[in-house]
Every structure is written in structure tokens, then in C-alpha cells.
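Chemist: Respectively, the protein sequence lines represent chains A and B.
Read left to right, the first sequence gives residues 19 to 205 (my numbering).
Read left to right, the second sequence gives residues 19 to 205 (my numbering).
Treat the hints with caution; some may be incorrect.
Same chains, same label: a pair holds when it works inside one copy or across any pair of copies.
[Claimed, not checked] In silico lysine to aspartate or glutamate, EDC-like type, Cα no more than 16 Å apart, as pairs:
id : residue 1 : residue 2
1  : K100      : D162
2  : K20       : E178
3  : K55       : E163
Just so you know, these hints were derived from the structure itself, not from any lab.
Number of protein chains: 2
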Amino acid sequence: MKDHTPELLESFVSREEIFNGVIVHLVRDTVTLPNGKHATRETILHNGAVAIVPLFEDGTVLMEYQYRYPLSRVIYEIPAGKLDSPAEDTRAAALRELREETGYTARRLTSLGYYIPSPAILGERIEMFLAEELERGEASPDDDEFLCLERRPLSELCEEILSGRIEDGKTQAALLKTLLLKRGFPQ
Amino acid sequence: MKDHTPELLESFVSREEIFNGVIVHLVRDTVTLPNGKHATRETILHNGAVAIVPLFEDGTVLMEYQYRYPLSRVIYEIPAGKLDSPAEDTRAAALRELREETGYTARRLTSLGYYIPSPAILGERIEMFLAEELERGEASPDDDEFLCLERRPLSELCEEILSGRIEDGKTQAALLKTLLLKRGFPQ
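So that you can see chain A by itself, here it is in the shape it has in the complex:
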């Protein structure tokens, strides 16, 4: 990777606040393009988020079914959640979200790196974590959060990703990474 910032940079000129809701904070910025012209950038500001691969010693992963209204259907995905503030520690947030959604706590948490969901319009970065040495406790989902849990072998889940049956993006990236980190690269 090279540094192409000088020839690609877009510079901030001004901001118009469009909507600041419960989740979505939308602004319309005017920027200067590399050719000197102006353009507008509709941008959703975001505190960031975490996603967690809860991996048991038997090679199974704890998965969630959640109804995702923007897609009008149930999505099969790993646990995840937003940071409470941009400054929140991502490891603390990962442990909190895992506990709230599944009841489990992890004694070992390894970063799997970041994941940018939608760079054209969304300022979100998700830090992905591998959670191991899990201990069962009690889940405490938010009042308007409904989900079903299921344990499935990592290898089966990765086969479902390859065959296109698991569509959630962070789930694809985090589970395939976990498989390759645990088993090494195919030759």
C-alpha cells in the first residue's frame, strides 16, 4: 500500500446539519476535490462499534438471529454493538456487548483488526474481536432488542459463508479471519 493522500485528498469547506436522531446523525458537507471543484458529501457520523466472535473450546461459535428492519428479515450474525462514545475503550465495549447479548464473559479477547462497513457514506469503523475462554452468565439485552442464540461449528459457518448463505458482512470477515488465523493459510 502506498500513500496516495496528496493526489486524492478531499478538503472540508462547510457543514450543514441534516438530522440528528437516536442512531443516525446525518450531515451534508461541502468539500474541495483534488481538481479544485466543490462537491457535497452526505455523511453519517458514527461513534464506532465492536463485533465479537465467541469461540468455544469445542470449535463452536455463538451466533445470533436478529430481525434487521432495513433488510426486512432476520439476519444471522455474530454479536456486535455500538460504542457508547467515540472515546469508549473497544475491549470494554466488546465485553459489555457480549455479556448483554449472550450472557457470556470472555477471559481472553484478541483483536481481529478493524472493519469498515460502508466507506462512501458511513464514518463507522468496527473493531472485531475473538473472544475465548468463555464463561456463562445471564444475558440482559436492551428493552427493544430481540434475538435468538445458536452454537455452530466454525468450519460449518465458514462453509455457509463460501456458499453465500451467510450475508452479514462483519460476520463473513470475522469468521473467515478466525478460520485462517487458527488453521493457517491454504497452500
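Following the hints, complete the assembly by docking chain B onto the known chain A.
Modeler: Relative to the frame of chain A, chain B by itself:
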């Protein structure tokens, strides 16, 4: 995967139009939750998109550097673009975006399945394609689209994904899938 729709379904009650811009179309819907309570869902409507892994016979992939304003930096990613309408054929869109952004046409196009970037707020689904048997032509990027191209070995790119240096989500999912489809699962 099981069908958990009955116990997780959120039903549409009403819609409020918030903003309909050049890219972002934001609505605030009221829904009924599985417990009968009402909640609001801030949702960005989206036509869908395509992302393309342009793979050459020598095992290199054509990558792009693009300044992504919401992240305030240059992102390293595979070619991608929005559908012109929800009804647009995704294969035609993939060939169009590949040609516009890179100048290449592909004689072989294989679906890698779908990728959902951000299911909590964004209705977007991206169909990922593997593009092979590439022929060079002339790129014709949009007027306000600036990008730099680079060919890199797929295996090197996947190592950079594992080490966390490539953060774009669709790029992680599509390149790791391509590696596993071409080489098979690690044992």
C-alpha cells in the same frame, strides 16, 4: 440456520420522510416489536450495489485507492459501485463499474454471493463478483471520482487482511472468499 422470523418480526406501522439526497435517502419508520410495543427505526434506503474482484491469470488483483470522506482518509479497496436502480441487473452493473473505474472488461464473471454492510441502519446489499479473463480498455470514472489503481498478488492482499492492514469490509470478505474458493479450505 433456522427460521426465527415469527418470534423476531418487526412490523411496519408508519413512515416519516427525513431526507432524500443525492446518495442518502433517510426515513424514520415506526414499527411494532415482537412484544407489541412500538419503536422507531431510522433507516437508509438503498438500491443495492456490486463489488468486483478483478483477478488476473498471474494471481494478481486490481485494487483501488480512493479518498473516502466519511473516514477522512484514503481507503484501499476492490472496485465497487451502486446500482442505477433496484431493478438493474447486478452482472451488468458489475461489468459497467469495472469498466468505468478500471478500464477492464471481464469475459468471465462469477458471483461470490451477497454482502450486507450495515444491517442496523442501511438497507444495502452488495453482490460480490469474481471477474476473470480480463481485457484492457480505457477507464472513464465519474467527474467527481478520483482513484489510483494497483495490481497486487491475492495472497499478499490476504496476508494484509489477516494482519489488519486492509480495513474495508467488502474487500476483506470478497478477497478471503476468493482465496478459499481457489485454494480450498485449510485443514
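Chemist: Now tell me if each hint is right for this structure.
Modeler: Against the structure, the hints:
In this assembly of identical chains, the alpha carbons of K100 and D162 lie at most 16 Å apart only when taken from the same copy (15 Å versus 32 Å across copies). When the C-alpha separation of K20 and E178 is checked against a cutoff of 16 Å, the pair qualifies only between copies, where the shortest distance is 13 Å, while the shortest distance within a copy is 34 Å. Only between protomers do K55 and E163 lie at most 16 Å apart by alpha-carbon distance; the minimum there is 12 Å, versus 45 Å within a single protomer.
In the structure shown, no violation is registered for any of the earlier numbered hints.
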